[in-house]
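Participant: Keeping their order, the protein sequence lines are chains A and B.
The first sequence begins at 1 in the working numbering and counts up one residue at a time.
The second sequence begins at 1 in the working numbering and counts up one residue at a time.
Any given hint could turn out to be false.
Copies of the same chain look alike in the list, so a pair counts if it works inside one copy or between any two.
[To be verified] Here are the simulated lysine-lysine pairs, DSSO-like style, with alpha carbons at most 27 Å apart:
| # | residue 1 | residue 2 |
| --- | --- | --- |
| 1 | 192 | 131 |
| 2 | 295 | 115 |
| 3 | 285 | 172 |
| 4 | 295 | 113 |
| 5 | 157 | 187 |
| 6 | 12 | 25 |
Just so you know, these hints were derived from the structure itself, not from any lab.
There are 2 protein chains.
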Amino acid sequence: MEITQPTLVLNKTVCLRNIELMSEKAKRHGLIFRPHFKTHQSIEVGNWFRNFGVEKITVSSVQMAHYFVKGGWNDITIAFPFNTLQHAQLNEIAALANINIVFDNHVGAEQLKNKLKNEVGVFIKITTGFKRVGIAHNAFSEIDRLLDTISLNPNFKFKGFITHAGHTYQSKSKNEVQNIHFDQLKKMEALKERYRNKYPDLVISTGDTPGCSVSEYFKGTDEIRPGNFVFYDLMQQQIGSCNIDDIAVRLHCPIISKQSYQNEIVIYGGAIHLSKDWITNIDGKPLYGRVVIRKNNEPILLNTNEYLCRLSQEHGVIKVSPNTFNAVEVGDIVEIIPVHSCLTAHAMGRYLTTKEATISMMERF
Amino acid sequence: MEITQPTLVLNKTVCLRNIELMSEKAKRHGLIFRPHFKTHQSIEVGNWFRNFGVEKITVSSVQMAHYFVKGGWNDITIAFPFNTLQHAQLNEIAALANINIVFDNHVGAEQLKNKLKNEVGVFIKITTGFKRVGIAHNAFSEIDRLLDTISLNPNFKFKGFITHAGHTYQSKSKNEVQNIHFDQLKKMEALKERYRNKYPDLVISTGDTPGCSVSEYFKGTDEIRPGNFVFYDLMQQQIGSCNIDDIAVRLHCPIISKQSYQNEIVIYGGAIHLSKDWITNIDGKPLYGRVVIRKNNEPILLNTNEYLCRLSQEHGVIKVSPNTFNAVEVGDIVEIIPVHSCLTAHAMGRYLTTKEATISMMERF
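Construct all of the structure, not just a fragment, from the sequences and the given hints.
Facilitator: Laid out in C-alpha cells, this is it:
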C-alpha cells in the first residue's frame, strides 16, 4: 500500500515481542496479567494478546469497555473513578460481561444505590504518591467508609485495591522508577495485610509501564495492568523502560516544504496526528518526535540534534543539519517516532501494520 | 439531552454573532471573505455562513476539501503547501469543484507535471515573518522560478499570493498584533505592485484570526481567511482578539473525584478531549482551560487562580479554592473553556448545539 498522507504504521513483529516479554514476566512472577487496552484501542491488536493466555483486560472508559465486550472480552476493569452519570451504559455491559469499576470516594458509590441491575466488581482506588485520584494508602477511615458503602449495595462485589504509580512517568532513570515501584509495593502490601482477614480474596492491582518494564520485583501485588508497553514511545525510552528499537509505531509523513535559510523540513503531520505531548531534548527545548529518513532506501535514525521541534494543527517542523537537508526532497516520506504513543494512536484512529493490512480502532467516544 | 460524558457544547447564538461580525467587517472593507473551515470541520456549521453571503472557503487538507465539496461548496482553497502524493485525490475533487492549491517551492509544482486532469488555481505561499512555510516576500528569484514552473503546466492557473501571519498568535497585546498585521500588509502590497502588470487579476490573500479581529486596516489585501474566530478560545482572548463571552464552545465534563488534601477536583475530560495546548497562566504555570461551575443553577466563571492545571489521557485536574471545592460534588457537570478550540473541536468530532441538536464533523482523516 502506497502511503500518501500521515499514516500510523504498526510494526507487528516488535509489538508481538513487547506483548510476549511482558506476559512472560507476569507468568514468571505468578501475577495476573490484565493489560491496559487504552493505548491501542483496537480489537485486532487486542486479539494478539490471546495467544499469550491473556483473558482479563483493563480499559479507561465505559465506551471502551463496550467496544471490547463486542470484541469478545469477558473480564474487564474500567480503571478510572467511575463516572456515575453513565450508570445506564454500565448496566448494558454488565449484563454481557464481568465488569469491575473503581471508586475513590463514597459519594460516587452512594450515587449507584438502586441504579444497578447486575453485579459489578468494585476496586478501591488508592494513591501511594501520584496524587491524581485515589484515597491515600493510609487514610483508613476513608477506606473503611467506602467499604461500608460498598457493602450496602447488593450488586457491588468488593474485589480489592487498585493503584497507579503514575509518578514513574516523571522519572529520569531506571533507579528512580525502581524506588517508586518498590515504595508502592510496600504500601500496597501493608494494605493487604490490614484487610486480608476480612477479605481473604482481595486482589492488589498495580502496574504502570515504567515499573513493570524495569523491575523484576513484584512482591506485594497480585495483578499488573501496564498498557503503553504494547507500543512504547520516546517518553518511555527517556525513562529507561525500553530501547528505541522496542517502539512499535511510527507516523509516516510526506515532506511538503523545505526552508533552506533555516535548515528546516516541513512535513504534513501535526498536532492532530501526533498530539502535542513533548519531552525535553538535550538542548533544553521541546522535542515532539524523533525522525527516521531513508537514504538509498536504508532507514537512518537522525540524532537528537535533528528532531521534530515545532507542531501546529497539521504542520510539523524538523530542524536538520545541512547534510540531512540536502538528502531529502519534497514528496519524500519521513518516519516520526512518537513521544506518547497512546495519544498518537488515539489521534490517528487506525493503523497500517507492517503486514500491510489496515486495522481499525474504536470510534471516537 | 442529558450530558453524561465529555461533550462539546456549541453556543449557536455566539457563533452566529462571530460569523456576522467578521463577514460585516469583510464587506465594510470590500474584501473577499474566504473563511477557514478547519476550525469547525462541519458541513452544518459551514452552512451557517451561507446566510452571510459566503461562497468561498478555505480548508487545510485534500480530505477536508473533499468533505466540503460533498457539502455543496464549489470554491475551495487548500491553504497548505500541496502534498503532491495526493494528486489522485486532487483530480477527483477538481473534477467537481473549483479548487485552489498552494506551493512554496518549484519541486512540488514540477511533480504535478502530466498528473492533472483538470484546471486548478495556484497560489504562491509567501512568508512575511512567520517562517513556517512560504517563500520570503522579497525572494524574487525564487518567486519567479516558481511562476515559470506554474506557467509550464496547462492545468495550473496562477491566482496570486497567499500568506499567513501566524506570528500574531505569539503576541501578547493588540498593539503587537496590529504591528505584525500592518507589516504583513505593506509587504504583500509591495509584492502586488511588482507583479500586477504581468498578472492584472492577481489576488492577495491574508488573514489570521488575531489580525482580522483587532484591525480595521486592510489596505494591501484582497481576501481574508480567518478560521478560529468562528469559535474563538482562551488563546485568542489572551491575545486580545475576543472577550470570554465571544468563545462559542465549552467542553462539559462530569466531576469524578475530589482530593480534599490538595483542593483539587478531577474531571472526566483529558488530553484526548481538549488536546494538550496550553497558555501561561498569571502564576507562570500552564493553564489548560478555564472553568465554569453552576451554583444554584447559575453559571459562575472561576477566576484564573482556579483553573484546569493538569491533563492526562482522560483525566483533568482543576485546582480550586476551599470554597469552590465545597460548592461542587462528584457527579456535577463543569464547563471547560478551551485554550485552542480548533484542536478541541477536532478531538471531539461532534458538537451538541445549544439548540439541543447533535451535529457532525468530518470523519477522522
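Participant: Within a copy, between copies, both or neither: which one fits residue 295 and residue 115 at a CA-CA cutoff of 27 Å?
Facilitator: between (61 Å within a copy, 26 Å between copies)
Participant: Within a copy, between copies, both or neither: which one fits residue 12 and residue 25 at a CA-CA cutoff of 27 Å?
Facilitator: Within one copy, since 20 Å is at most 27 Å while 54 Å is not.
Participant: When Cα atoms must be at most 27 Å apart, do residue 192 and residue 131 count as within-copy, between-copy, both, or neither?
Facilitator: Within one copy, since 20 Å is at most 27 Å while 59 Å is not.
Participant: Is it within, between, both, or neither for residue 157 and residue 187, if the alpha carbons may be no more than 27 Å apart?
Facilitator: within (23 Å within a copy, 70 Å between copies)
Participant: Please work out whether the CA atoms of residue 295 and residue 113 approach to 27 Å or closer within one copy, between two copies, in both situations, or in neither?
Facilitator: between (63 Å within a copy, 25 Å between copies)
Participant: Can you give me the call for residue 285 and residue 172, within, between, both or neither, at a CA distance of at most 27 Å?
Facilitator: both (16 Å within a copy, 21 Å between copies)
Every hint from the earlier list agrees with this structure, and none is contradicted.
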